[in-house]
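Number of protein chains: 2
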Amino acid sequence: MGGDHAPSEIVAGAIRAQEELGVEVILVGDTQAIEASLKEHKSPCQLEIAPAEDVIAMEEEPLVAIKRKPKASINVAMDLVKTKQAQAVVSAGHSGAAMAAALLRLGRLKGIDRPAIGAMFPTLIAGKPVIILDVGANVDCRPKYLEQFAVMGTVYSQYVLGIPEPKVGLLNIGEEDCKGNDLAIRTHQLLQDNPRVAFLGNAEGRDVLSGQFDVIVCDGFVGNILLKFAEAVGEIVLQILREELPQGLHGQLGTAILKPNLKRIKQRIDHAEHGGGLLLGVDGVCIISHGSSQAPSIFNAIRLAKEAIDNQVLERIQSTEIKRAKQLDGINQPSEVKPSEDTTG
Amino acid sequence: MGGDHAPSEIVAGAIRAQEELGVEVILVGDTQAIEASLKEHKSPCQLEIAPAEDVIAMEEEPLVAIKRKPKASINVAMDLVKTKQAQAVVSAGHSGAAMAAALLRLGRLKGIDRPAIGAMFPTLIAGKPVIILDVGANVDCRPKYLEQFAVMGTVYSQYVLGIPEPKVGLLNIGEEDCKGNDLAIRTHQLLQDNPRVAFLGNAEGRDVLSGQFDVIVCDGFVGNILLKFAEAVGEIVLQILREELPQGLHGQLGTAILKPNLKRIKQRIDHAEHGGGLLLGVDGVCIISHGSSQAPSIFNAIRLAKEAIDNQVLERIQSTEIKRAKQLDGINQPSEVKPSEDTTG
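For the record, the sequence lines run as chains G and E. Here the first sequence is numbered in this note's numbering, starting from 4 and rising by one per residue. Here the second sequence is numbered in this note's numbering, starting from 4 and rising by one per residue.
Excised from the complex, chain G in its bound form (with noise of 0.2 Å):
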């Protein structure tokens, strides 16, 4: 029921990943609506429908809403992942209100302290995406969420990705170790005695898209900034082109037979064409679609979930974790005992 486009778009694209990727698909909201559009769109094949009687608008206070909306479409799509009956869930709702019925809904996994949402960015080098985390989760970070961030961005990109040893980067502010403000200077310690990841160092923003990082980490309020800077970079990019290219008399002819080309470029920056962020560190899988999602994004994002699923991401995070933790009260690492590491009170 989530999203700009619910249910037409949600529904549409639920249908192909049935139809294309063998999964089986259970549509949760409005019956009547959710029926009406399955008709529309004329599907060979049966979905399940779960019925859910209310749904949170984007205005609310997720928390609150959350907890006051048990029957809230999100909330019921939780407990059909926490009662084994699906696997994974996806949302273009409320963003905020996805992740708090996961946290409360699906709990944690071991050993991580705050789940993170990871969005792909497209680099320079076609075919080879960065993720990004946090981009929104958690605004105020401790140097050990970061830490764990790099953690799970690892597993992702090595078990779903199929990178066998991912380049781990932080985002900052120089490429020096001592440079960044609080959190990236601690952050930089933890990341460096860290076995588990591959820290290659500090990450400018210049470095951000140029491929040769497979994971960046940094609280969710740069993050999300980021995030959606360059979401809207790629729409002005293609709305100066719109507007430049064609002038003049040579301009409407180039432009004219580069049409094409122009169409594949709109392809490779833009966005949407993504899927979604996935949220992780929730025992769970879910993905976190964008609220302009039509059909293309929903069906990525459902493929994306039954990678994270197929490729056991979950319980590898979780694994990794639980060992790490075991090492540390092994060796007693002061870098990690400390009692207060927060830099934001």
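Please note that the accuracy of each hint is not assured.
Same chains, same label: a pair holds when it works inside one copy or across any pair of copies.
Each computed DSSO-like pair below joins lysine-lysine, with the alpha-carbon atoms no more than 30 Å apart [what the hints assert, rightly or not]: (1) Lys231 - Lys182; (2) Lys70 - Lys87; (3) Lys309 - Lys170; (4) Lys309 - Lys147; (5) Lys72 - Lys182; (6) Lys85 - Lys113.
Hint data in this document are derived by calculation from the structure and do not stem from the laboratory.
Given chain G's structure and the hints, the job is docking chain E onto it.
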């Protein structure tokens, strides 16, 4: 002596500025190297040279280097302003060193706790830039620093760019007042209460380039990452255009026809056209240019300096802040006199 193309490109930009802008440029640095460069560019006009024996290298720790090398070109240049032999400094060298030299030699303006670097970003509305500050001088900020950045940006926008009531935004992760990290939430309150600032509310990442804001404030950590990301995105887009546009027979033909249009797009996207950042809040006009600056950037930087001087930006910032401090003393506003509002310790 600073920057990747010194002294040749710096000298070329300075010659053009002296010829076209009616300013007198003093070149500070190694006399022999500068004279050789002047000879090479064969300028009809005379540029003064202020000899300086030392230079600060990019890898040096700014504060240490500034103190250890009193005769470094950046120190000599700042002293020219301090002793009123010059009205502004333009540097394409080590930006941290330029800031440190400005702080130590010129000092802060009364009423300003922390100077900030303001950078102009182009927006969707052609010819209407937005000033973002801070883009790198202060990595850990208090709410009142961001409030002062808003005042400095407002004064600059009013008196240099001629915008009667500049609209100010707070870089944040949501539109609602309650959104953001600790710093953003507390800054929001201060900006709302400040009669000197036309506060429009939070600016999300997607709003930065929309043109609806004239000034956007953030801490130097976020601002620097955004600035470097934006610079890189411009280059990446141009590279994607170069890769994708000429593909196929139609592509080659169309691209050949569009050559002049592509050049205009490059100018509109390219950040380097903007000359440099203004170090606001120190007692002297200082322009921090990009290390990669060539002659056109240096020319633009000198023009920026001239505009700041002609429009008495420093005097206006100082009088605004002193007036406000007096007002606050009178009404004893609690949000300003709390002893510890630092979020980062």
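Taking the hints in turn, this is what the structure says about them:
1. Lys231 - Lys182: Answer is both; intra-copy 25 Å and inter-copy 15 Å each pass.
2. Lys70 - Lys87: within (21 Å within a copy, 66 Å between copies)
3. Lys309 - Lys170: within (24 Å within a copy, 46 Å between copies)
4. Lys309 - Lys147: Classified as within: same-chain Cα gap 29 Å, cross-chain 48 Å, threshold 30 Å.
5. Lys72 - Lys182: between (46 Å within a copy, 22 Å between copies)
6. Lys85 - Lys113: within (16 Å within a copy, 60 Å between copies)
Of the numbered hints listed earlier, not one is contradicted by the structure.
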